[in-house]
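Let chain A serve as the given structure and place chain B on it in line with the hints.
Note that the protein sequences, when read in sequence, are chains A and B.
First residue of the first sequence? That's 0 in numbering that gives the first Met the number 0, and the numbers climb one at a time after it.
First residue of the second sequence? That's 0 in numbering that gives the first Met the number 0, and the numbers climb one at a time after it.
There could be a bad hint or two in this list.
To be verified - Distance windows between CB atoms, simulated:
1. B:GLU5 x A:ASN169: 55 to 61 Å
2. A:THR121 x B:ASP40: 45 to 51 Å
3. B:GLY39 x A:THR121: 30 to 36 Å
4. A:GLY154 x B:GLY84: 26 to 32 Å
5. B:GLY84 x A:GLU91: 38 to 44 Å
6. B:GLY39 x A:GLY303: 48 to 54 Å
7. B:ASP14 x A:ALA298: 32 to 38 Å
8. B:PRO107 x A:THR156: 31 to 37 Å
9. B:ARG96 x A:LEU189: 51 to 57 Å
10. A:GLY66 x B:ASP92: 56 to 62 Å
11. B:GLY98 x A:LEU265: 31 to 37 Å
12. A:SER246 x B:PRO107: 32 to 38 Å
13. A:SER246 x B:ASP92: 21 to 27 Å
14. A:THR156 x B:GLN44: 53 to 59 Å
Claimed, not checked - Far from chain A by the CB rule (all over 12 Å, computed), these chain B residues:
15. ALA23
16. ARG25
17. CYS38
18. GLY39
19. GLN44
20. ASP67
21. ALA82
Calculated from the structure, these hints are not laboratory results.
Heads up, the beta-carbon is just placed ideally off N, CA and C, and yes, glycines get one too.
Okay, here's what each chain looks like letter by letter:
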Amino acid sequence: MSFISGVGLTAFGKHEGRSTLDLMTEAAEGALSDAGLRRADIDGLLTGYSTTMPHLMLATVFAEHFGVRPSYAHAIQVGGATGLAMAMLAHELVEAGVAKTILVVAGENRLTGQARDSAMSTLAQVGHPDYEVPLGPTIPAYYGLLASRYMHDYGLTQADMAEFAVLMRNHAMLHPGAQFHDPITVADVLASREISSPLKLLDCCPVSDGGAAFIVSREPTSDHHVRVLGCGQAHLHQHVTAAKSLSDVGAAVALKRAQDKAGVGLSNIRYAGIYDSFTITLAILIEELGLAQRGESAARARGGDFGISGALPLNTHGGLLSYGHCGCGGAMAHLVETQLQMTGRAGQRQVRDASLALLHGDGGVMSSHVSMFLERVR
Amino acid sequence: MSEAAELKGWTDGADAILYQSCGACRHLWYFRRAFCPSCGDASPQTHRASGRGVVYSTTIVRRAATPDAKAHVPYAILLVDMAEGFRMMAHGDSDLRIGDQVVAEFRPFTGLRTPYFVRA
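The following block holds chain A by itself, in its conformation from the complex:
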């Protein structure tokens, strides 16, 4: 059994002059304070990676900088799935008795710490170095390939995908920390410039500076904590060329493994935090996870099901699409928001009942998947 006892999240967007370690520190301070802990209480530390501060040993660099001396520490990397993979690992470590109080933290000045082209070409390296990268694909191109095929197979339209950009923006408008607060419409998304067809600018998440952290502990350390019920992963391919299917990418496999651990049915889920690097990412994941039938996720979004007062509120902070994406910390914001919702601390974004939540993250080009169930504890 493990609990998420505290969470910390910086605003996402531009943090001119602030480094990876600065943003990690701000998020970690937030999580520690939220959990009612001091540095000396931390006996485990997990970090992700930073493209603006590549290092062989980011966890111990941060440990020394921040001032903790954990008995267990290292960084891990599975792309965008890193945040949830760290949460899962922390849960497993606590269950195994390896550590009692684990700080999970990530942050990066991905927007202001490098040129935009540099960020784009670094990210595109998730492609195969010999058989894909020489062809000049970008991350939006990989997801454009996914989107074209998914539209062909399931009748999804560009207006359908745009629905998710609008939904995420509507949520972000209620969060002061979000990168974007200007309202957008489906027409705005469709009129935004094409990046890699069929994806338009507003179908793509931004590059952001930011940080996120949480405390995973054996005992609750605060009165606002949630319980981790179970987690699962799946890794069926790395490169989009090698993926057996572009619509059964491993999300359902990870979900099944998490369900087996958690012992809960999907119909009991009241809140969801789903990775949304692109609008198509969200549509595919919602449908592969079974939260909507194939080809029907957009209709459900249009009907309000995934809104704050809907049947299954989703990414109420605005997701990667509108809260922002700072790398490993990006999907950790989904977990932070979920924890706030489940403990009744989401302010004007508060949903009615977040008693049981599903989180799902993916990394690469739908390559690495992590699912996690969280339960409210009173």
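Just chain B, lined up with the frame of chain A:
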């Protein structure tokens, strides 16, 4: 070494598309390795593909990441299901659609010669 092991493909600078197969388990794949990724057999066979296939998916890149690639914008990136039974990424005509029958040519792209598909 067999003659097949010396075949060169477009990633080696030759105008050819290669793939591999396993004599032990019949698995067939695209990314070259010294072993079969399905059963581990250490003597996969390398073959030259016909260049014929069917478009599986397409995207038109309008925002490239590197200065070299920007000179080619817009360009199409395709996934093509090849006649021999493997899938590959390549360039191609911008008006190609999913399901189109295509055949490979080779054209210059950022100092390389890369596979470029046109309607068969």
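Do the hints match the structure? See the list:
Distance hint for GLU5 of chain B and ASN169 of chain A: a CB-CB separation of about 59 Å, consistent with the stated range 55 to 61 Å. Judged by the Cβ atoms, the range 45 to 51 Å given for THR121 of chain A and ASP40 of chain B is violated: they are separated by roughly 36 Å. The supplied range of 30 to 36 Å is met by GLY39 of chain B and THR121 of chain A, whose beta-carbon atoms lie about 33 Å from each other. At roughly 28 Å, the beta carbons of GLY154 of chain A and GLY84 of chain B sit within the given window of 26 to 32 Å.
Look at GLY84 of chain B against GLU91 of chain A: about 39 Å separates their beta carbons, and that is inside 38 to 44 Å. One distance hint, 48 to 54 Å for the beta-carbon pair GLY39 of chain B and GLY303 of chain A, holds here, with the actual separation near 52 Å. In this structure the hint that ASP14 of chain B and ALA298 of chain A lie 32 to 38 Å apart at CB is violated, the actual value being about 47 Å. The given range of 31 to 37 Å is respected by PRO107 of chain B and THR156 of chain A, whose C-beta atoms sit roughly 36 Å from each other.
Look at ARG96 of chain B against LEU189 of chain A: about 20 Å separates their beta carbons, and that is not inside 51 to 57 Å. Range check, GLY66 of chain A to ASP92 of chain B: Cβ separation about 59 Å, and the 56 to 62 Å hint holds. For GLY98 of chain B and LEU265 of chain A, the Cβ-Cβ distance of about 34 Å falls inside the hinted range of 31 to 37 Å, so the restraint holds. Separation of SER246 of chain A from PRO107 of chain B is about 34 Å and conforms to the stated range, judged on CB atoms against 32 to 38 Å.
Checking the proposed 21 to 27 Å range against SER246 of chain A and ASP92 of chain B shows it holds: the Cβ atoms sit about 26 Å from each other. One distance hint, 53 to 59 Å for the beta-carbon pair THR156 of chain A and GLN44 of chain B, is violated here, with the actual separation near 44 Å. Under the 12 Å C-beta cut-off, the non-interface status given to ALA23 of chain B relative to chain A holds; the minimum distance is some 20 Å. The non-interface label for ARG25 of chain B is consistent with chain A: the shortest C-beta to C-beta separation is roughly 16 Å, beyond 12 Å.
The non-interface label for CYS38 of chain B is consistent with chain A: the shortest C-beta to C-beta separation is roughly 17 Å, beyond 12 Å. Even its closest Cβ contact with chain A, about 17 Å, leaves GLY39 of chain B beyond 12 Å, as expected for a residue assigned away from the interface. Its beta-carbon lying about 18 Å from the closest one in chain A, GLN44 of chain B satisfies the requirement of being farther than 12 Å from that chain. Not every CB of chain A lies more than 12 Å from the CB of ASP67 of chain B, the least distance being 8 Å, so the non-interface label is violated.
At roughly 16 Å, the least C-beta separation between ALA82 of chain B and chain A is larger than 12 Å, which holds for a residue marked as non-interface.
Hints 2, 7, 9, 14 and 20 from the list above are not met by this structure, while the remaining hints are.
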